[in-house]
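Given next are the chains, with one letter for each unit.
2 protein chains.
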Amino acid sequence: MLRQIFFEIQAECPHTRARAGLLHTAHGVIETPVFMPVGTQATVKGLNQRQLAEELGARLILANTYHLYLRPGHELIRHLGGLHKFMSWPNAILTDSGGFQVFSLSGLRKISEEGVAFQSHLNGDLHHFSPESTVDAQLAFGSDILMALDECPEYPVSHEYARESMYRTVRWARRANNHFRRRIAEMTSRHALFPIVQGSMFPDLRRECAIALLDLDSDGYAVGGVSVGEPRPLSLGMVEATEPILPRDRPRYAMGVGMPDELPQYVARGIDMMDCVLPTRNARNGYLFTSEGRLIIKHAQYRDDARPLDPNCSCYTCKSYTRAYLRHLFLSGEILYASLATLHNIRRYMDVMREIRCAILANSFLQYLNDAAQTSGSVSDLHPGDSNG
Amino acid sequence: MLRQIFFEIQAECPHTRARAGLLHTAHGVIETPVFMPVGTQATVKGLNQRQLAEELGARLILANTYHLYLRPGHELIRHLGGLHKFMSWPNAILTDSGGFQVFSLSGLRKISEEGVAFQSHLNGDLHHFSPESTVDAQLAFGSDILMALDECPEYPVSHEYARESMYRTVRWARRANNHFRRRIAEMTSRHALFPIVQGSMFPDLRRECAIALLDLDSDGYAVGGVSVGEPRPLSLGMVEATEPILPRDRPRYAMGVGMPDELPQYVARGIDMMDCVLPTRNARNGYLFTSEGRLIIKHAQYRDDARPLDPNCSCYTCKSYTRAYLRHLFLSGEILYASLATLHNIRRYMDVMREIRCAILANSFLQYLNDAAQTSGSVSDLHPGDSNG
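If you read the protein sequences in the order shown, they are chains A and B. Residues -13 to 375, numbered by the numbering used here, are exactly what the first sequence covers, in order. Residues -13 to 375, numbered by the numbering used here, are exactly what the second sequence covers, in order.
Put simply, identical chains are the same to the list, so a pair is met inside one copy or across any two.
Distance condition first, Cα-Cα at most 30 Å in a straight line; then the derived DSSO-like pairs of lysine-lysine:
| hint | residue 1 | residue 2 |
| --- | --- | --- |
| 1 | K71 | K284 |
| 2 | K31 | K284 |
| 3 | K71 | K31 |
Think of the hints as simulated: they come from the structure by calculation, not from any bench.
All chains, please: the whole structure from these sequences, using the hints.
Pasting the structure below:
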């Protein structure tokens, strides 16, 4: 099958697994490594689409199949011309499979070979996701990148449970892939389906899963089941176990990561795509990421602080407002606080990703990585070149 | 005394009391009649200052002395360079006196000749406002236009109470004015203090109050104590009773009004300035003002409505998003809903004011007024030329 999205490698770091590339989609070209802001309910909380596209330069965002399937419903979105048109978003969209939310948000849920039955967190209604139905929902959205339904086990689980669950996830991925290929054979629009490597925190299962998914010859591969409460070195270890097996010429997506100082760590392990709710959620809760570290805006020390949030940042928030004003808005519960804080936090993530990409292209990524680890305190030891297997 | 702000009349309607003018302040020239968006806590809820200034063209906004005095405090705002700098607002600011909020928001309050003692609605702390202290707070803000402390009686009250209260408001206005003139004699920045005409719903008291305040030779005059729950014809009647007494060459401000279809009614009665929380508060609650009337976004009929909120509006919201998407955001409790809805509602008010101003300048205001009344159903009879006494 022809590639539906095409990944072009522009540069590879000779010392780590990092690469810089371009991801060609039907909704534009995305520079990688890329961080995807999370737009759960077809909106990145606190920002409008113009801010996201023009001020922040986001070229790819993530939306949640579970949430949009429940409200407003994938059929309504299809009827209104797809998710891009519905939310007035000109650039690319990746949707998750809904699996993670079913396992983390819904009440009762019951896994079978067929799929997963669950109760809506909104009203308790019963629903069912199958590998095929979540492909259908995501095609109704018109997503550029779809994710295959997976089971995302909690942490920790036994090796036995993790193995059974991983095998099911592989079977589901095959069914999703078969259904996806039948569906897009009739379509003129371009979409890609990424399967998800699972296996909990067991490197042998991760490797077995990755090898099994290679058969699908997918346009990209995801590493899921990380960021579920495990210590950070474990998540990085799972990426290290998986990534060398994945095809070099396809993008790799680490789901749900990470903190700003972790972003280069994942890139160093061959990851091209990441997403995380931290910049948006932390922004709203008063935790701001700056080039000088974390800043908790409610602290009394900022009461009369006339400096910008981050003197090294050129976002609208930092160019226009003081810490004292942001603190006032936060303490007053004002909507503008959430908007300005989110704008800044996402900008911080975008800036980090730009720095990483520039360093890879300039062949100075190892230096960047070492400098970043020195500044932040390394989250784990990285042995460049060791991640091959 | 030299005028601190200068009001230039550009055109007067020959059939009504309406005028179009320019209000020259230290923070720019304001085209009148003008609607002032309300920025209670140094932010117009849901919008940033760039949207307000650049997208909506707001040249004058209102902020609340009561709220900002309590949090973050006028001394902090003074320390940080004044309210314009604190909130990063380049254009003009009018602050109310705090009186209205003391009477409507605070718990215990006790009026004396000296002023009013009250409990903070935030934490119950005891505070005191005097005519002099609210001038001081507003000068600490650096407001372009300050309001004199007044008592805003609830509706209805007896003629006797209204008279006593009005006399006290006049005595307070004299004290505020004396204090203000002493204070600004030492300052190089330009500020104006507007006294407030009270008198509840009694035309004789309104006239007596207006005549008493003429002595102050103020740069502008306000009509307060309307929009306190009385029937709309009564509010308009109070303006009719007051306005002919006020100096022709000073701006007149009707406080806390009104609905979009009432704006031309007030202008027809000689009002140059208005403010109201309706466009912002109603936006957040799902009530949207369009050129075709009110739209309640949660209604099921908008579920799959792919039209813009108002096809005749060119705001960012209407140019970019559908009713179906706005309804989804509203039902999902998303921040973006409040932001997009507020942007549109304020734009609607701004558009109405622009139409009114153009009509006055084009000598077609009476026609505009009659057309508007036909469209909306007149809120009261207007007898052009009758409002002279």
